[in-house]
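Given next are the chains, with one letter for each unit.
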Amino acid sequence: MKLHSCQNCWFNGLQYGALGLAVGYCSRHKKILNFPDGTTCGLHLRKDLTALRAKEVAEIHSKHYSAEFVTRIADGGYHRKDSSDDEKDLNFLRKDSVADAVTDYGELGSTIESLAQLKAMPGARAELAMLSLGRGYINNCLSRNGKWTSGLHLYWWSRLRLAEIPEIKVDDLRSVGASQLSRQSDLTSWSLVMLRLAFIEDITIYANQQGDPLGRVQSLTEQAASALDTFNLRALSRWLKSQAAPQLDARLSHARYTELARELHTERANAEAQAVTPADS
Amino acid sequence: MYFEGPGRETPYLSTSEEYDLAENFANGSVWETYVKRAREESVGHIGVTELLSLMKGNGKGKAKWANPFEVMQARRYVEQWGEHLLDFREVEDPAKATKIIFSKA
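Chains as they are written, first to last, in my numbering: chain A, 7 to 287; chain B, 447 to 551.
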C-alpha cells in the first residue's frame, strides 16, 4: 500500500484502501485516475492521517512532486495514460451515482450541494466520498479565513451516524488484499469509521483554533486507538456510543447546533445581500 | 516491492509478502528479495507476526510511536496487505544495499 498514492488522497472521493471503484477521480485536477495506487502529485493530502499530521507530511511531499500533473510516485514522471479527462470516459464513469456526484463536485460552484447529495445516498462509498471531499472543502474554507462552522452540517451528519458500522458490499471492494473476504470487509469498514473519526477530529481542531468549546474534545482517534486493541467492529461501535458521543455532545448539543446553524444561515443571507447591492445601485 | 516515498523517511522499507498484491500496486514493476539475501547485507527483517504484536497502543520496542492512532492504522495495513519490514538501521549505505538485495521479478 503506497500511502502517498492518489487512492489515499482527500481529493479522490472514489477510493480509500480496498474500498472503491477500479478508477479514482481527482477533484483538483478534474481527471479520472487510471493508476491510483501508483500516482501522486504535489497537492496530496493523506486520508489516513488527521488534518495537522496530513499537512505536516504534505509539506515534505510537495517539495518532491509537481502540483500541476498527476505523476508516478516511483520517478515523478508524467504518463498520459495514468489519467483521463476524455468526455467518453467521464460519461461512462458518471453512470455510477457516487461518481456522478463526485465528478460534479466543484463544478459551477456546486461544492456543498454535491456533499449534501452524497450525504443522502446510501452505502459506504457515498460516505467515503462525502468525508473525503468534505475534508478538502472545510480546509479550503479555513484557508480563506473562513469559520470552522463552514463544516457545521457535515459535522452534524457525521455525528448522527457516529456509532453506525458501515456495511461493505462485495462490489464496494476493489481488492481482497492479504486476508479473507469477510475479514477484508471488516477491516475496510473499520477504516471508514476511522475516516469518519478523523473528519470529526479535523473539525474539533479547527474549532479549537477558533476558541469554540467543541475544540476542547481530546483527540478521538488517539482515544479510540488506545482503548481498542483489536479490530472488533462491535467493540468499536460500543466505544463510539459510550465514550466518543458523550464527549462531543457535551460541547455541541442539538440545541447549540440549531443555534449555530441559524447564525450561519443569517451570515450567508447577509453576505449574499451585500454581494447583490453594489450591482443593483 | 518499494513502498517508500518522500514524506515517509524512515530506516525501514515496507514490503508485501503477497506477490499478487505487489503486482497490483506496482503496476507490473515488482522488485523482489528474500530474507536470507537481505540479512547477508546486514538488512534486518521484521515479520508480520512480530509487527502485529508490537503495534498495540503506542507501540512496543522498535514500534514505539507518539501517536497511537498512527500505530493502529499501520497495524491495519500489516494485516490487510501482508506488509512486513526490512530494517536498514544497521546498514551503512542503504542505497547500495537496496541495489544488491533486490532484483526485478
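These are computed hints drawn from the structure, not numbers from a lab.
Every residue, glycine too, gets a C-beta built ideally from N, C-alpha and C.
Just to be clear, a hint being listed does not mean it is correct.
Ranges between beta-carbon positions, derived for each pair [unchecked claim]: (1) A:Lys87 with B:Lys550: 17 to 25 Å; (2) A:Gly129 with B:Glu496: 47 to 55 Å; (3) B:Ser499 with A:Glu113: 35 to 43 Å; (4) A:Ser259 with B:Asp539: 57 to 65 Å; (5) A:Lys61 with B:Ser499: 48 to 56 Å; (6) A:Asp102 with B:Glu496: 38 to 46 Å.
Open item on the list: For the hint 35 to 43 Å, verify it against the beta carbon of serine 499 of chain B and that of glutamate 113 of chain A.
Closed with: 49 Å, violated
| query | Has the hinted range 48 to 56 Å been met by the Cβ atoms of lysine 61 of chain A and serine 499 of chain B? | reply | 32 Å, violated
Checklist line | Assessment of proposed distance window 17 to 25 Å (beta carbons of lysine 87 of chain A, lysine 550 of chain B) | finding: 21 Å, holds
inquiry  = Assuming the hint says 57 to 65 Å, is it satisfied by the Cβ distance from serine 259 of chain A to aspartate 539 of chain B or not?
reply    = Roughly 59 Å apart at Cβ, these two residues keep to the hinted range, so it holds.
ask   = For the pair glycine 129 of chain A and glutamate 496 of chain B, does the Cβ-Cβ distance stay inside 47 to 55 Å?
value = 37 Å, violated
Range hint 38 to 46 Å: satisfied by the CB atoms of aspartate 102 of chain A and glutamate 496 of chain B? At roughly 41 Å between Cβ atoms, glutamate 496 of chain B and aspartate 102 of chain A fall inside 38 to 46 Å, so the hint holds.
Violated hints, listed in ascending order, are 2, 3 and 5; each of the other numbered hints is respected by the structure.
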